[in-house]
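**Q** For reference, the chains in residue letters:
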Amino acid sequence: MISPVKIWRRQKDIRKILNKKGKIIVWTKIYTPGSDFKKYAPYPVVLVELSTKEKIYGQLVDYDEKDLKTGKEVVSVLRKVRSSTEEGVIAYGVKFKII
Amino acid sequence: MNYITGYYTTRFGELWDKSLFDLVEEALRGVLKQNNLESSQIDAVFFGNMLAGVLENNLHSTSKIAEILKINVPIFRSEAACASGGVAFNLAKTYLDSNPNKNVLVIGAEKMTDYSPEETITGLSAAASGEEQETGLTFSGLYAMIANFYLEKYHYTEKNLAYVSIKNHYHGTLNEKAHFRRKITLNDVLKSPYIAYPLKVLDSSPISDGASAVIMTNNLSLAKKQKYSVSVLASEMMSDTISLKERKQIDTILATKLSGNKAFKTAKISRKNINVAEVHDCFSIAEILAMEDLGFWEKGKGGKKIKELSTMYGNGGNLIVNTSGGLKAAGHPVGATGIKQIGEIFLQLTNQAEKRQVKNAKYGLAHNVGGSGGTAVVTILAS
Numbered sequence: 000m001i002s003p004v005k006i007w008r009r010q011k012d013i014r015k016i017l018n019k020k021g022k023i024i025v026w027t028k029i030y031t032p033g034s035d036f037k038k039y040a041p042y043p044v045v046l047v048e049l050s051t052k053e054k055i056y057g058q059l060v061d062y063d064e065k066d067l068k069t070g071k072e073v074v075s076v077l078r079k080v081r082s083s084t085e086e087g088v089i090a091y092g093v094k095f096k097i098i
Numbered sequence: 000m001n002y003i004t005g006y007y008t009t010r011f012g013e014l015w016d017k018s019l020f021d022l023v024e025e026a027l028r029g030v031l032k033q034n035n036l037e038s039s040q041i042d043a044v045f046f047g048n049m050l051a052g053v054l055e056n057n058l059h060s061t062s063k064i065a066e067i068l069k070i071n072v073p074i075f076r077s078e079a080a081c082a083s084g085g086v087a088f089n090l091a092k093t094y095l096d097s098n099p100n101k102n103v104l105v106i107g108a109e110k111m112t113d114y115s116p117e118e119t120i121t122g123l124s125a126a127a128s129g130e131e132q133e134t135g136l137t138f139s140g141l142y143a144m145i146a147n148f149y150l151e152k153y154h155y156t157e158k159n160l161a162y163v164s165i166k167n168h169y170h171g172t173l174n175e176k177a178h179f180r181r182k183i184t185l186n187d188v189l190k191s192p193y194i195a196y197p198l199k200v201l202d203s204s205p206i207s208d209g210a211s212a213v214i215m216t217n218n219l220s221l222a223k224k225q226k227y228s229v230s231v232l233a234s235e236m237m238s239d240t241i242s243l244k245e246r247k248q249i250d251t252i253l254a255t256k257l258s259g260n261k262a263f264k265t266a267k268i269s270r271k272n273i274n275v276a277e278v279h280d281c282f283s284i285a286e287i288l289a290m291e292d293l294g295f296w297e298k299g300k301g302g303k304k305i306k307e308l309s310t311m312y313g314n315g316g317n318l319i320v321n322t323s324g325g326l327k328a329a330g331h332p333v334g335a336t337g338i339k340q341i342g343e344i345f346l347q348l349t350n351q352a353e354k355r356q357v358k359n360a361k362y363g364l365a366h367n368v369g370g371s372g373g374t375a376v377v378t379i380l381a382s
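If you're matching them up, the sequences are chains A and B in order. Going by numbering that gives the first Met the number 0, the residue at position 20 of the first sequence is 19; the numbering climbs one at a time, nothing skipped. Going by numbering that gives the first Met the number 0, the residue at position 341 of the second sequence is 340; the numbering climbs one at a time, nothing skipped.
Here chain A stands alone, though its shape is the one from the complex:
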């Protein structure tokens, strides 16, 4: 379950991984998601390796089909990541866009 406190705690980590550049090392496109993501499907999810070798997952946004390739350069951006909770708190997190 998602609680507002959980969302608040996660924000501290998210700000450290914003505006980071890296390359897609593997990707998929989800057609049958869980309940919280149903209205966004289908959506691509990429695993990105940063220049520091750290790896981060995120959905790819503002993309063309041809961008779904390993090796593509991307940058991490702040986006809404799931529908708002019953308490009305909107969860923000990391997504990627093509550079």
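For the record, the hints were derived by calculation from the structure and aren't laboratory data. Predicted, not measured: the structure shown is a model, and the values here were computed from it. Fair warning: there could be bad hints in the mix.
To be verified - Sample of chain B residues at the chain A side, in silico, Cβ under 10 Å:
1) T119
2) S124
3) A143
4) E151
5) Y193
6) I194
7) I241
8) S242
Unchecked claim - With a straight-line cut-off of 30 Å between C-alpha atoms, the simulated BS3-like cross-links for lysine-lysine are:
9) A/K71 x A/K52
10) B/K69 x B/K224
11) B/K298 x A/K54
12) A/K37 x A/K15
13) A/K71 x B/K158
14) A/K68 x B/K244
15) B/K190 x B/K303
16) A/K22 x B/K300
17) A/K68 x B/K152
18) A/K38 x A/K22
19) A/K71 x B/K69
20) B/K247 x A/K52
21) B/K244 x A/K19
22) A/K11 x A/K65
23) B/K190 x A/K65
24) B/K298 x A/K22
To be verified - Pulled from the structure, derived: some chain A residues nowhere near chain B, Cβ distances all over 12 Å:
25) L17
26) K37
27) D61
28) E72
29) V88
Beta carbons: idealized from backbone N, C-alpha and C, even for Gly.
We have chain A already, so just place chain B on it with the hints.
**A** Chain B in isolation, oriented as in the chain A frame:
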């Protein structure tokens, strides 16, 4: 030495008229009857289940089992996602290793079809890391990433993956307890809709209900009295990172590799001795990786090897894989799967596998994976 003396499984499928504990009760009574045992002769019970707490707000299932069996003995529940059953078996074996002359019941069960697919998928996602859940990565999504990586690295296509499903659906037609009992063609697989690219509906195991149980004993005189018994040569479990991204290699399930190596060492037999195996094919790519990581096939060659269909029943191969239909066609009631795999090997080694009986099967292996590879259990049995 530990012996398996009985196995019972419910049918797997969309069993709308049965609750989780209806299924549990059927499997418990079925296996006790098979061995002519009273519940009072059971010294401990091990229960593999993943989702009852998440989907049904239904925990403390161990004491519900005590209520069904009307016994007062130690009862343990294990949860390790899709490896919950295999882990229950591993715990039971460990318990027997330190308690002489005991009989234990090992049961795995899952009730998954009372909810919408999205709700069940969300429940299953509880076994992924928080970061994976936050990005909307489902289990099919994680295995799809592994598949995409594998196909690109070794230059295969979705066709190579499809042969796993073709084989396992054929085996499903030979198993009357299987969820799906129809053959499928290459075209059927390739034309089925994507669930997570490059995996399609027919690359994936279904959402199923079911329960499976075995009786294991280290009481030699009891084992000798039973009509059927097989020896448990090894049961080894290993863990690895919950996140796929933290693994050194995306196309290797390290937990499988380590538990497999250890199991073969403990069992003191070689890969060539294994005649039948049930490997964890939650998605087509998973069976290919399992065959490679267990050491049956060379890394990267699985895509080519599966096309030869040498592991399909009736093709004369030395090793037949997933005669039950695997998770793909027999169905995948998560907690039951690991026990059903061991039960299928029991049937094969005791000549009870009927239409799918592999001739002269002496050694068999069961391989159960939790999550995207965070847990693996490998069990080796001998007739």
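**Q** A separate judgement is required for each hint: does it hold in the structure or not?
**A** Each hint, compared with the structure:
At about 9 Å, the closest approach between the beta carbon of B/T119 and any beta carbon in chain A falls short of 10 Å, and the interface hint on this residue holds. For the restraint placing B/S124 at the interface with chain A, the shortest Cβ-Cβ distance is roughly 5 Å, inside the 10 Å limit, so the hint holds. A cut of 10 Å between beta carbons decides the hint on B/A143: the least distance to chain A is about 4 Å, and the hint holds. Contact between B/E151 and chain A, as hinted, is supported at the beta carbon level, the nearest pair being about 6 Å apart and thus within 10 Å.
The restraint placing B/Y193 at the interface with chain A holds, with a minimum CB-CB distance near 5 Å, inside the 10 Å limit. Using the Cβ-Cβ criterion of 10 Å, the hint placing B/I194 at the interface with chain A is satisfied: the shortest such distance is roughly 5 Å. Hint status for B/I241 relative to chain A: violated, with the closest Cβ pair at about 13 Å, above 10 Å. Taking 10 Å as the C-beta contact cut-off toward chain A, the hint placing B/S242 at the interface holds, the least distance being around 8 Å.
With a C-alpha separation of about 15 Å, the suggested pairing of A/K71 with A/K52 holds against the 30 Å cut-off. Annotation: proposed proximity of B/K69 to B/K224 holds, straight-line Cα distance about 25 Å (limit 30 Å). For the hint pairing B/K298 with A/K54, the CA-to-CA distance comes to about 24 Å; that is within 30 Å, so the pair holds. Of the pairs offered as hints, the one joining A/K37 and A/K15 holds, with about 28 Å between alpha carbons and a cut-off of 30 Å not exceeded.
The hinted pair formed by A/K71 and B/K158 meets the criterion: a straight-line CA distance of about 26 Å does not exceed 30 Å. Distance check on the hinted pair: A/K68 and B/K244 sit about 17 Å apart at the alpha-carbon level, within 30 Å; holds. Our distance criterion of 30 Å between C-alpha atoms is met by B/K190 and B/K303, whose separation comes to about 21 Å. A threshold of 30 Å between alpha carbons decides the hint, and for A/K22 with B/K300 the separation of about 27 Å falls inside it, so the pair holds.
Our distance criterion of 30 Å between C-alpha atoms is met by A/K68 and B/K152, whose separation comes to about 13 Å. Among the hinted pairs, A/K38 with A/K22 is consistent with the structure: their alpha-carbon atoms are about 27 Å apart, no more than 30 Å. A hinted pair counts as satisfied when its Cα atoms are at most 30 Å apart, and A/K71 with B/K69 does not qualify at roughly 61 Å. At most 30 Å may separate the alpha-carbon atoms for a hinted pair to count; B/K247 and A/K52 meet this at roughly 12 Å.
About 17 Å separates the Cα atoms of B/K244 and A/K19, which keeps this hinted pair within 30 Å; it holds. Note on A/K11 and A/K65: the hinted pairing is violated, with a Cα-Cα distance of about 34 Å set against a maximum of 30 Å. Of the pairs offered as hints, the one joining B/K190 and A/K65 holds, with about 22 Å between alpha carbons and a cut-off of 30 Å not exceeded. Taking the CA atoms of B/K298 and A/K22, the gap is about 26 Å. The hint holds against a cut of 30 Å.
Under the 12 Å C-beta cut-off, the non-interface status given to A/L17 relative to chain B holds; the minimum distance is some 15 Å. The beta carbon of A/K37 sits about 6 Å from the closest Cβ of chain B, which is not more than 12 Å, so the claim that it is off the interface is violated. At roughly 16 Å, the least C-beta separation between A/D61 and chain B is larger than 12 Å, which holds for a residue marked as non-interface. Against the 12 Å criterion, A/E72 stays outside the reach of chain B, whose nearest CB is about 18 Å from its own CB.
Every CB of chain B lies more than 12 Å from the CB of A/V88, the least distance being 14 Å, so the non-interface label holds.
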